[in-house]
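Build out the structure end to end from the sequences listed, making use of the hints.
Protein chains in written order, with our numbering: chain D, 1 to 43; chain Y, 1 to 227; chain C, 1 to 238.
Wrong hints could be hidden among the right ones.
Simulated restraints on C-beta separations [what the hints assert, rightly or not]: (1) Y:172 with C:13: 27 to 37 Å; (2) Y:225 with D:37: 21 to 31 Å; (3) Y:10 with D:16: 54 to 64 Å; (4) Y:172 with C:139: 22 to 32 Å; (5) C:142 with Y:28: 45 to 55 Å; (6) C:139 with Y:41: 25 to 35 Å; (7) Y:41 with C:198: 23 to 33 Å; (8) D:20 with C:23: 17 to 27 Å; (9) C:13 with D:27: 22 to 32 Å.
In short, the hints are calculated from the structure, not lab data. All figures in this text were calculated on a predicted structure; none of them were measured in a lab. Each residue gets a CB set at the ideal place from its N, CA and C atoms; glycine is no exception.
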Amino acid sequence: MTYLLMGYSAIFTLLAVYMVILGKRQKQIEKEIKQLEEWNSEI
Amino acid sequence: MMTVLSDALTIAGKDLRSEFKTKQTISMMAIFAALVILVFSFAFDPTNNAVKAVIPGLVWVITVFAGILGLNRSFTSEQENDCLTGLRSGPIDAASIYLGKVLANFTIVTIVQLISIPVLFVLFNYRFTGSLLWFVLIILAGTLGFIIVGTFLSALSANAKNSEMLLPVLLLPLLSPLMIAAVQATRIALENENIENAIAWLQLMSAYDLLFFAACLLLFEFIMEGS
Amino acid sequence: MIKIKNSGPIDRILFYILVPAMFINLYLIFIWSPVERMMGEVQKIFYFHVGTAWVAFLAFFVVGVFSVLTLIKPKMERFIYAGISAEIGVLFTTLALTTGMVWGRASWNTWWTWEPRLITTLILWFIYVAYLFVRKMDGSWEKIAKLSSVFGIIGVINVPIVFMATRWWNTKLHPVVFGEGKDQTGGGMEPEMLATMFFSLFTITILYVFLLRKGAQIEKMREVIKKAKNNVINKIAS
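Written as C-alpha cells, this is what we have:
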C-alpha cells in the first residue's frame, strides 16, 4: 500500500514539476511582451 | 564511386601522415590506456584468480576510453586554421571526408589496441588460450562499429564549444548495444567456449556496423552543411 | 503590434476531455478495477506504468518523425515539435522508470533488475538527454536543427538494436528474436483490468498531446518575440 502511494505521488509530483516549468516559461514570455510594449510606446 | 574512395584514401593518408609525424595522439592514447589498466589493477586485485572474469570488459573499457581521446581531436584539430572549411569547399563528397576520417581513426585505434591489449594481458597475468583468429575478428568488428559511430558524433559535437564533454555523453548510450555484444563475444572467445555462441554476437555486431555505416554515410552531409 | 496566438479551440477541447478523463481514470484504477490476487494493491501502479512507458516510446517516435521532416525541409515549427516531444519523452521515461522501480521493489524486492525492457528504457533516457544537450548548443537554429535531427534519427535507429541486444544478453546467449518474454502482467488479465489499462493509455496519450501543443505554443511565442525584439532594436538603432 505504501508503495502504491509512493508510486502515484512520484507520478503526480513529476508531472506537476513539468507543468510548473512550462508555466515559468510562459511567465517569462509575458514579461518580455510587456517589455516590448514599453519599448514600442517609447518609439 | 571510385573517386569517393580515392578521395577518402587521400584524406586518411593526410591524417595518418600528420599523425605519424608527431605521434602525439597515438602515444597519448597508449599512455592513457596503460593508466586506465593501472587504475583498474588497484580496483581489482590482479593476483586474484576471479579477476579473469573482468578481462573482456577491460579490453573494451580501455578501447573506448582511449578511443574517445583520439576521436575528440579528429575534427577539432581541423578547425584550427579553418581547415574544415577548406575540406568542405574542396571538390570532395562529404561521404569521402567521413570515410577518410573513419579509416584514419580506425587505423590509429587499432595501433593503440595492438599496444594496450598485450599490456593488459601481461599486467593482469592473463594467459591467452582462446582462438586468436576469432578474438581478432571480434575486436576488429567491435572497434569498427565504435569508430563508425564515434567519428560521426565527433564531427557533430565539434560544432559545440564543450565538444570534449559532449562527445562521450552522445556516444556512450549509442554504443551500448555494440558493447554488450562485443564484451559477450570477447568473453566467449577468451574462455574458449562454444564458438557458435560468439557467432550470433558477431552477427549482431556486423548488423550494427552495417546499419550505422549506411546511416552515418547518408547523414554526414547534413553535419557538414550545418557547421 | 505583436500578435500572440494563444491556445486555440483544439487545446480547449483537449483540456476539457483531459480533466474529467483523469478523474475517471483514477476512479477506475483505485475503486472500480479489482485487486490482483497475487500482488495485491501494488498492482495498481501497473496502469500508469504501462501508460507512461507507451507515451515515452511514442514521444521518441515522434521525435524521429519530426527529425526526418526537419532534414527534408527545415522549418521552425518541426524543429520545435521535435524538441518539446523529446522533453516530454524524457519526463515520461523518468515516470516509467520510477514507477517500474517502485513496483519492482514491492513485488520482487529489488529496485532494479537488468531486464531487457528496463535497460532499453534506461538507455533511451540517456539518448534523449543527450539529444536535449545537442539542442542546447549555441549557434543559429538552422545549424542546431540539422545537427539535432541527425542525432535524433541515429537515436531512433538505435532503440530496436538496444532491445535486441539486451534481450539476447538476458536470455543467456540464446537468441530469441520475437516471442514471449517475462510476462509482467502476471498471466491473464481480467476484463475490468484490461479496460482500465486501455482507459489509462487513452488518458495519458491525451495528456501527452496536450503538453506537446502547450509546450510548442510557448516555444513558438518565444520565437515571435525574439523577432519582434530584433525589429524594435533595429528601429531604435536606425
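*Please flag the earlier hints that this structure goes against, numbers listed from lowest up.*
Violated hints: 1, 2, 5, 6 and 7; rest satisfied.
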